[in-house]
Structures are given as C-alpha cells and as structure tokens.
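Peer 1: In case you want the letters, here they are:
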Amino acid sequence: MTTRLLEMRNISKRFPGVLALDDVSFDLNASEIHALVGENGAGKSTLINILGGVYDYDGSIVVANDVAIVHQELSLIPEFSIAENIALGREPHRHGVIDWDALYARARRVLDQLQLKLDPHTITGTLGIGQQHLVEIAKALSHDARILVLDEPTAALTDNEAEVLFAILERLRERGAGIIYISHKLGEVFRLADRITVLRDGRAVSTDAKSSLDLTTVIARMVGRDVTQFFPTSAREPRDVVFEARNVRGVSFTVRRGEVLGIAGLVGAGRSELVTAIFCEGGEISINGEPVTIKHPWDAIAAGIGFVTEDRKRYGLLLDQTVLMNETLAAPKTDLATAERSMRELRIKAQSIDDIVGTLSGGNQQKVVLAKWLLTHPKVLFLDEPTRGIDIGAKQEIYQQIDRLASDGMAIVLVSSELPEILGLSDRILVLHKGRITGEFDRQSATAEAVMACATGHAA
Amino acid sequence: MKLRAYTMVIALVVIWIYFQIRTGLFLYPVNLANLFKQMCVTGVLAVGMLLVIVARQIDLSVGSLVGLAGGIAAMSQGWGLGASFLSAIVVGLIAGAVQGTLVAYAEIPSFIVTLGGLLTWRGMILYLTKGETIPVRLPVFRSLGIALLTPVSGIVIAAIAIGFLLWRRRFIAAILAGVFVAMMNAQGGVPLPVIVLVAVAIAAHFLTQHTIFGRYLYAIGSNPDAARLSGINSRRHILIAFALLGALVGVAALLHTGRVGSASPDAGTLMELDAIAACVIGGTSLMGGRGKVAGALLGAMIMASLDNGMSLLSVENATQYVIKGIVLVAAVGFDMAGRKRFQ
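Line order of the protein sequences matches chains C and B.
Residue numbering for the first sequence follows the working numbering, starting at 1 and increasing by one per position.
Residue numbering for the second sequence follows the working numbering, starting at 1 and increasing by one per position.
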C-alpha cells in the first residue's frame, strides 16, 4: 500500500487577465518521483509556488510532511561557507549566538548523507555553478522534508554532476521520499520518473505511469499538436567562406555563406568563452578574406558579426525598456518602420512595439534579442544557447528562423547544449572538449553517440 | 579577501613611514596618541556604518546626527551626567529607528531617507541651540574625549587582552596590543576614547561574525531573495541595523563633544563621508554582503593617519580634501581591478 504524501485537488489560480491554473489535480506518493512537464507558461511554476505558499488559490491541498523546494535560481549567499548556507534560516544557536560546532557537524552530516565530497568550510562563491546547485539541494534536504520539489535542477549541471544528482534522488526515493521533478529535458524525466504529469495551458492533460508512455506521446501532449517536422532543414548549398578565426583561444574554424555550423560540447567546454572572445577581444579574424581587427564589441558589429548572447535577461535585454528600444540597441539608426517589420517577421507577440520587454514571455523575449542582431545586418551570426528556457512552440519558430537565414545566405554559428538541436539544424558540427576541438562532423556522419564521445573526451 | 587585507595594512605602513620620514615625529608616542584619539569618532561611526552597508543600505545622516545628539547631550548636562549621556544615545537610537522604519517598511531608498535625515537633524540642532555653541561643563563628559588611563590600569587591560589573544592563537595581534599599550604608557597612558572604540569594535565584531542577527545582515545584503526564501525577516533586520547605527552615532557624538569641549551646531559636518570612506577602504562592498569590523577600523586609521600627517606637514585644507578624495577613489579602484569577478 502506498502512502500519499501530497494531494492537490481542483486547484485553480487566476491572475489578472489569465487563468494560470484551471482545475488541476496532482498527487505524490512516498517512494516516488513524479515528473511535471509542460511548455513554459503551462502553469508548472504557478503550481509549485502555490505549494510553496507564495500564492493563494482555489481548491484543496493536503500535505503529509514538510515541503522543500529547490528553485531554479540559486538562493545561496556566495560569501558564506557551505555549512552556513545549508543552515541559513535555521542556525543552531544559544540566545542568538551561533553554535558553530553544531552548525558544521550538521552540514557534514547532510553532505555525507548525499555522498558529496565537499568541505563544509569552503566559501560557496568559489565553487563551480554545478556544485553550488548541489549545495542548494543539500540545503533543501537538510530540512528533513519528505517532499522535495526540484525545478529544472540540471539546467546548469554538467553531465557528471547530473549523474551525482540522479544517484542522490534515487537513494532518497528508496528511503521513502516523494520527489516532484520539473524538467525540460525529457530524457532525464524518462530515466527518473515513476509517473509523468503533463500540463498544458494551465490544465493537467494527463497523469500516467512512465511505462505506459513514450517520448513522442509526451511531446505531442505538451505541444498539443503533432511534431513530425520539428527541425526544418531546407536543402542548402554552402558557398564561399565568409568567416575565418585562426587560433582564437587555440581554436581555428571557418564558416561559409548559407551554412549552419554547430558547436557542441559539455557545459564548461569553452564554447561560450570562444564565441565571446571572438566578439569582444578578436584575434586573427577575417571576414570575406579580409583580416579585421576587433578590440571591442563595436568593432565586431562594424565588421558584420552579430552575437545572440546566452542568458537573455543578463546579457541580451534591457528588461524594463520597450521592444523598440531593445531591437534598435545595436543598430540605433534603424527607422521605426524597419523595426516594426522585423517584429512582424519574427512574429514577436506583443500589443505594440512600445511594450516593455520584461512583460513578454521568454520565447518572445528571445525573438527580440534575435531581432536586435538581425537589424545590424550581420554577415555572420553567432547564436549562444538561443532556445534555453523557452517553450517548444517558440523553439520551433527560432529553428525556422535559423533555417531561413541560412537559406538566405547568412553564415550561422550555433552554440547549444541540446544535442538534438545541434544535430537537427547544423550542416557541419565542431565538438569542443576542454577548450580544444576534438571532433568535426558533417550532417551525414553526425550521430548523437559520436558527438557525445568527442564531447566527453572518449573519442577513439 | 586575504590579499586585499594585506594590501591595506601595507598601505598603512607605507603612509606611516612616509610621514615619519617627512616630519620626524609622526611615530612618536605623543603623536600616535593624538592619532588614535582622532580616529575614535570616525572609528565608532565606521563600525556602525558597516552594519547598514553590509545589508546593502547607506546612511548619509550620521554627521548631522552627531551634531544633534552631541548638542542635546550638552544641553541636558543640567540633569546630570547619566541623563546627558543617555540622551545622546537615545536620540541617536530613535533617529536611526525612524530612518530604518522608513527604509524597511515604507520602502523608501536609504539614500533618500538619510539624505532627508542629513538636512532634518542639522535643522533640528540649529533650531534647538539657536545657532549657539554650548560648552561642556561636566568634567567626566570632557574627560571622555581626552582622559588617559593610569599606566597601571593600561597594563591590566593589556594583560587581559594579550591573554585572550594568545588563547585564540592571534600572536601578531597580541604583540601589537602589547606594543600599543607600552607606547601609550610612555606618553602618560592609554586614551579613554580608545578604550571606548575597542569595546565597541569587539562587540560589533562578535555581533557580525557570531550571532544570527549579524550573519543575516550579510545574507540580506548579499542576496535579498535568498534571504527572504530562507525565512529571514529582512525588514526587521534592516530596521535594527539602522537603530544600532543611530545608538553608535550617539556614542561617537559624546566622544566628539567631549574631545572638542563644546557642542557647536555644525559639529560632525561631513563625518558620514569619513565613515563611509573608512568602510570602503577597509574592504566593505557597497553592494552589500562583504566587509568586516577590523577592515572598517583599518580604513578609519588610514583616514586619520592622512589627516594627522598632513596637518603635521601643514598641508593646506584645500589640498587635504583633494588628497583624501583621490585616496578613497584609488583604494576602491585597486580593489575593483583586483577583484574582476566577471570575465
């Protein structure tokens, strides 16, 4: 007989103008990993925030135990030691004076339980981002909660770190914990979950045991439509070389007109560093055979390089400014009509070009970043993780744009951590491992296994 | 952090050696005693300022509040020493709590609230004193700013301090404490205000490093969202930090008024800038989450050394301002160049 840890019944939540959750029921048993999947905006975060007590709601929730939520954004104090972060908000103390011995002993116990080989005295900010996420998870688990919610926990983890996390989650499940697992990475979901609930447009579409599901079914339910033609690939004939980098951070490569060059690799392989270095510091770069000197991004823009940066909120957008302001930031001489045409062509869903970018959905924000760089009329366009954290519908639109731009003769360099994306869109693929090229494939010879082997440094 | 601390210590030593060579008497016990007496007011203010800066706030009003609290203390001498001292601290505490409430609960940026405070407190003391300077009549009040401990009590305090420091294996600090008391005794004794500063500093160090309240100030300053999600009541902590700073401003006002011997309505002008500069030179980040009491004291000592040395060299007031301004900006500039956390 299974024990119910959590029962959410007929939950509805209305925000001004939107019904974010519509009569959603969700439950969780002991010794279970229950995955929650859906496009961005499907209502996953709202549901979790209701569980965390952030919003009020209609419906009923019965909880058998404390709930610990690991949010997507880090909630750590970088200046504090690992142990202080694990204890934050619940420090052992006598009359307000911290009992350091007890605090460190407790942290060590939690880290040991998770079999994490970290020194609790280490200052958290000196850890890599993946290890910080593991500390975050340790912090959540230190609360002795039997219900654990993980929101996109592997987004910033390397494959090795993700393996550590998966092992931890499996051990917790064995010990009777119930885990709600939210992820865009359906591979992980299928590997870990016992049951999978699909949310779409604020409704729970289905809850099924994993054994009765397959990947295509889940994707179809998430999107609400068939996804056969997921990666558009027009027949293209790459022409002459447009862009050449020689020995930038030890890497040399070329891109041709009408070609999509994919750069694959694990997080930390140096992909973003490479494209950022080209754009910000230059090196031996030539465009259309002419050497160009790049000392600053404005040189790169003038030379005809566009750079859709990763992390749009941090590097890509002025969130409290308008679509127009953002679109024309790198090409300030653009006239209004051109900016509006670009907004229509990219199908940016906003009431008007004067809407504040921060109010748009992630997918539409990403399209604004793309529009910004297209308005500089680049000869070569670098895209760094262009579809991270956006929903499948918006992803497909970005894919179509990439395909269209390449067909129109632009040279495109695509950096992505999502292997299917690289495999599906690229004419040619470079694989980086520890900052060096460890493999090159053309479309015909590229397989997921071969690319991963190079990316992990295990290629023959 | 470590490297930065050493850089500032080296900077202080270089400044001292330079002034010693140029003046020939900078490092004499009599002058060092002067230097330490001078740094006490800034030191107490800097320690208080640290509490609000680590929580990512700022207080621009402390100079005016020194004037107000010192003035009220001088005006209430008629009710006795206790009432006089208490009034300064209570006035500071209330003013700080009012500003803290406006920052934490009304969510008005602290820059604005305390800019308003800067004007308001100064206006109040001008009104209360009608622009007149009030002399300090109570001898104990006067001695708070200038009195020397007898050499014997200095030795007793030094023995206790050295014993404690040896127990905590702080050997260099123990040696410095011994050298300091010996030098002060050589010119008559340890100045009383230095003892006040040391007591304030020890209490604040303990508060910031070993209590939940203190650690939460850092957490709030470093990552407000994380602090909130960890169940920390940021508002109350910010309010209390401002109130504590206010109380310490009261203490600084007593030291300052006692040392000068009178409370003038423009007392304390620009002291907020010295206090903020001391924190920042001592490694406190205006972005919150970073900074220690020892650093703030080091910063206060660097500022006081510049003041003292330049006065000995008869550097003009105008030049002194320019040099202090450059030192402040340069110190932070080196810090940023050394940090380069991004890219």
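Everything labelled a hint here was simulated from the structure, so no lab data went into it.
Take these hints with a grain of salt, some might be off.
Listed next, with one range per pair, are the computed distances between beta-carbon atoms [said to hold, decoys possible]:
#1 A199(B) / G358(C): 26 to 36 Å
#2 R347(C) / V322(B): 35 to 45 Å
#3 G163(B) / V54(C): 49 to 59 Å
#4 V54(C) / Y105(B): 13 to 23 Å
Now the stretches of chain C that chain B is said to cover, found in silico as 3 or more residues with beta-carbon under 8 Å [to be verified]:
#5 73-79
#6 86-92
Take a look, some chain B residues computed to stay more than 10 Å from chain C by CB distance [claimed, not checked]:
#7 M75
#8 T120
#9 G189
#10 S230
#11 I232
#12 Q320
Positions of the beta carbon are idealized from the N, C-alpha and C atoms, including for glycine.
Peer 1: If we take the beta carbon of Q320(B), is the closest beta carbon in chain C still more than 10 Å away?
Peer 2: Q320(B) clear of chain C: closest Cβ-Cβ about 35 Å, beyond 10 Å.
Peer 1: Could one say that the CB atoms of G163(B) and V54(C) fall in the range 49 to 59 Å?
Peer 2: The hinted range 49 to 59 Å holds for G163(B) and V54(C), with Cβ atoms some 52 Å apart.
Peer 1: Please confirm whether S230(B) is truly not at the interface, meaning its C-beta sits more than 10 Å away from all C-beta atoms of chain C.
Peer 2: Non-interface label fails for S230(B): nearest chain C Cβ at 3 Å, not farther than 10 Å.
Peer 1: Is 13 to 23 Å right for how far apart the beta carbons of V54(C) and Y105(B) are?
Peer 2: holds (21 Å)
Peer 1: Is the distance from the Cβ of A199(B) to the Cβ of G358(C) consistent with 26 to 36 Å?
Peer 2: About 49 Å separates the Cβ atoms of A199(B) and G358(C), which means 26 to 36 Å is violated.
Peer 1: Taking the beta carbons of R347(C) and V322(B), is their distance inside 35 to 45 Å?
Peer 2: violated (58 Å)
Peer 1: Is it the case that M75(B) keeps its Cβ farther than 10 Å from each residue Cβ in chain C?
Peer 2: holds (36 Å)
Peer 1: Beyond 10 Å from chain C, beta-carbon-wise, is I232(B)?
Peer 2: Violated, since 6 Å does not exceed 10 Å.
Peer 1: Establish whether the coverage given for the region 86-92 of chain C by chain B is satisfied; the threshold is a Cβ-Cβ distance below 8 Å, and no fewer than three residues must meet it.
Peer 2: holds (count 4)
Peer 1: Check the non-interface label on G189(B): least C-beta distance to chain C beyond 10 Å or not.
Peer 2: holds (34 Å)
Peer 1: Is the Cβ of T120(B) farther than 10 Å from every Cβ of chain C?
Peer 2: holds (32 Å)
Peer 1: With a C-beta cutoff of 8 Å, work out whether three or more residues of the region 73-79 of chain C approach chain B closely enough for the coverage to hold.
Peer 2: Coverage by chain B holds for the region 73-79 of chain C (7 residues, Cβ < 8 Å).
Against the hints set out earlier in the document, violations occur for numbers 1, 2, 10 and 11.
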